[in-house]
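Peer 1: Residue strings, one per chain:
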Amino acid sequence: MAGSAPPSLVTAWNQEFQQTHPGVTVHVDLQQWTDIVTKTDTALSTSAPPDVLEMGNTYVAGFASTGGLANLSGDTFQNRSSWLESLKEAGTYNGKLYGVPYYAGDRIVIYRKSMFAKAGITTPPTTTTQLVSDAQALNTAEASVSHFSPIYVAGKYWYGIFSWIFDAGGGIAQQVNGKWQGEFSSPADQQALTWVHSLFTQGLDKAPGDADETNDDKVFEAGKAAMIIEPGWDYGVVKSDFTKANNAAAANDLGVFVIPGQSGPAPVFLGGSNLGVASKSPNQALATDYLQLVSNNDFEAQMATVGGVIPNSTTLLGLDANDPVLSVANAAAAKSWFVPNTPKESELESQNVYTSMLAEIMSGQQSVAQATAAADQQVATILNG
Amino acid sequence: MSAVEGPLRATPRRRFGGSARHDDLTPSGTPRGSRRLVATWVPYALVSPSMLVLLLIIGFPLIFALVISFQDFNAFQLVSGGPIQWVGFQNYQRAISTDLLPVLVRTVLFTVANVGLTMGIGFALALLMRRAGKWPRILLSVSLVVVWAIPQVTATEIFQWLFDYAFGVVNWVLTQIHLGGFQYHDWWSNPVSLLGIATLIVVWGAVPFVALTLFAGLLQIPDDLYEAARVDGAGFWSQLRAITVPLLLPILLLLTTLSVLWDSRVFTQIYFLQQQGGIPSDTNLFGLWAYETSFAGQEYGKGAAISMLSAAILLIVTAVAVRQMVKSAATA
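Residue numbers (this note's numbering), protein chains in the order written: chain L, 909 to 1293; chain C, 2 to 333.
If we strip away everything but chain L, and leave its shape as in the complex, we get:
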């Protein structure tokens, strides 16, 4: 996927693979995340699918349920015993392994240190109450900047916003007597969503309530926001954007902290990717060899040090101890949330259930009660369908 592994690393493992497998040429097709479920389904249904594919960890169960992925349960992978629990779970469907853990990443808050200093904030907020008062202080300090947004989180950014739902003790959906039920209209969820909406109505978050997070980091880079919620690896992206723009001051002005909850850190979404083999691939053995190589200690360590992501094994987490960003990301990952574990979940994403609900609320088109009731109905229809 675009933005997953650094190109230099891809070249390195392809070279090694071609050396150990003479006569084999590895061809890598880089894909964008947009419409990826449709693209992957289509690719898996053809008679000449890609041999190896990367999948977002929330999608593996869905692809496995269509019969498009090969069962990898019997294969040997280095670090298999120490794989990150959440990635291993994401790659498992009906007790069989379909996706080898590739890398993980969680959401952190990136902020501008100088703006915090100007507003008289000495330490980053650790609770939502502090977050609100800091945001108010930032609004006052930056009053001269037109349309300044202390925190800039677009309304549809569910990977970020749902952290507060889980922090309040709520969730997305749960199984009751074998039937899925949406949890959005639960008191905990409604309370969390009402609080997030209040950030918008108080002018502490001036992002569009109905947009997705695509522009969040651009607004931040333009100096119009003091805080954004991003995947850990985006810190490097923002930093290098500033460096490229010859803005060393801004590049050195970045800091990170864990998303604050009501009392202490909020659970974060542990995103990431798994690698799988297409069941219709004629080169099953080669494909498995390739996965063994890519997911081994050596390359996973480089994914962490060069790529800036969380590697697939708990034994490699220590690599980041001295890294100011990854150490925060690793600390955040200690408390994480994940989507409902059912193959139908990817339909909730692709049918915009989460984002539409959030957009209705954050842009003020519907009340929290209305939007969450409608979303719960869709959750039940889709997950039990």
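None of these hints come from the bench; they were simulated from the model.
Incorrect hints may have been included.
[Stated by the list, open to error] Where chain L lies over chain C, by a calculated footprint (3+ residues, C-beta under 8 angstroms):
1. 66-80
2. 95-107
3. 177-189
4. 271-285
[Stated by the list, open to error] Pair by pair, the computed Cβ-Cβ distance ranges are:
5. 1214(L) x 139(C): 57 to 63 angstroms
6. 1048(L) x 138(C): 58 to 64 angstroms
7. 56(C) x 950(L): 19 to 25 angstroms
8. 138(C) x 933(L): 56 to 62 angstroms
9. 1021(L) x 152(C): 42 to 48 angstroms
10. 113(C) x 1026(L): 53 to 59 angstroms
11. 1085(L) x 56(C): 35 to 41 angstroms
12. 262(C) x 1153(L): 44 to 50 angstroms
13. 67(C) x 1226(L): 56 to 62 angstroms
14. 950(L) x 149(C): 30 to 36 angstroms
15. 113(C) x 1191(L): 51 to 57 angstroms
Treat the numbers as computed from the prediction; the structure is a model and nothing was measured.
A virtual CB, placed ideally from N, CA and C, is assigned to each residue, including glycine.
On the provided structure of chain L, position chain C as indicated by the hints.
Peer 2: Structure of chain C alone, referenced to chain L:
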């Protein structure tokens, strides 16, 4: 261009036209029988390659879609190839009971607005070109062709930037001329405003074809008709009513029919604007609804049923229009 021949027939030149008459002039000695035979199969032979291609690239998917609209066909069937379960009209029932009415109403309103604006503006520009001097006319036609040459995706991208929340020039201009607080106005959150901008893009892209075609039609109307009308004291509106519109009627009907077909199937512009913001299900037309159901919801059977329903509705609408067109061409 058969439609353009309509007004042509109104001119005195028609007496010399009509290829059918040539047969009457054929000397009686020619072996007419064999020529007839050749004449019957040659046209079929000539169109058969293109028909075959059409059948393969349009006919096959159409039939396949019709078949799966009666099946429980989702991602599993797509990837694994089976098992197939026939469900009768269940997909149709589910489509009708869910979003059919709002999508239908939205599609009809969108189509009426787009076709009305396209035809109105296109007709006005054609009249303007007819009356304008040489250079303004050339300038106008070049601009129209340039607009027409811009791909839909590019055009949508441009408009999307114009209306951007933070960096868009429209918000800036509206604020500068004090039309209200448009700074950071979000154009996508309201379905009517999103579809309004989609209308702007669609009409902008569709006007050139209509304007240039109508202009070509206008050139076929002889000046003497207008001269005679002027002598009789007819003003601009009377001339329009009595000469221009009746003589252009076949072209107007054809263009309207085509526009109805095109505008009710608008996909690209709305699809890309939906990525900017708003709630997709509030701005879906038929095509987008079918796409979302099939590819995002992975319910290919229900998606196919929606496509079939929309095709049926379009067929009924256009059948009426085509009949009307044929009738008016016959009486012209």
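Peer 1: Indicate, hint by hint, whether the structure satisfies it.
Peer 2: Outcome of the hint check:
no., hint, verdict
1, 66-80, "holds (count 4)"
2, 95-107, "violated (count 0)"
3, 177-189, "holds (count 4)"
4, 271-285, "holds (count 7)"
5, 1214(L) x 139(C): 57 to 63 angstroms, "59 angstroms, holds"
6, 1048(L) x 138(C): 58 to 64 angstroms, "60 angstroms, holds"
7, 56(C) x 950(L): 19 to 25 angstroms, "23 angstroms, holds"
8, 138(C) x 933(L): 56 to 62 angstroms, "58 angstroms, holds"
9, 1021(L) x 152(C): 42 to 48 angstroms, "45 angstroms, holds"
10, 113(C) x 1026(L): 53 to 59 angstroms, "55 angstroms, holds"
11, 1085(L) x 56(C): 35 to 41 angstroms, "52 angstroms, violated"
12, 262(C) x 1153(L): 44 to 50 angstroms, "48 angstroms, holds"
13, 67(C) x 1226(L): 56 to 62 angstroms, "60 angstroms, holds"
14, 950(L) x 149(C): 30 to 36 angstroms, "32 angstroms, holds"
15, 113(C) x 1191(L): 51 to 57 angstroms, "55 angstroms, holds"
When held up to the earlier numbered hints, the structure conflicts with 2, 11 and fits the remainder.
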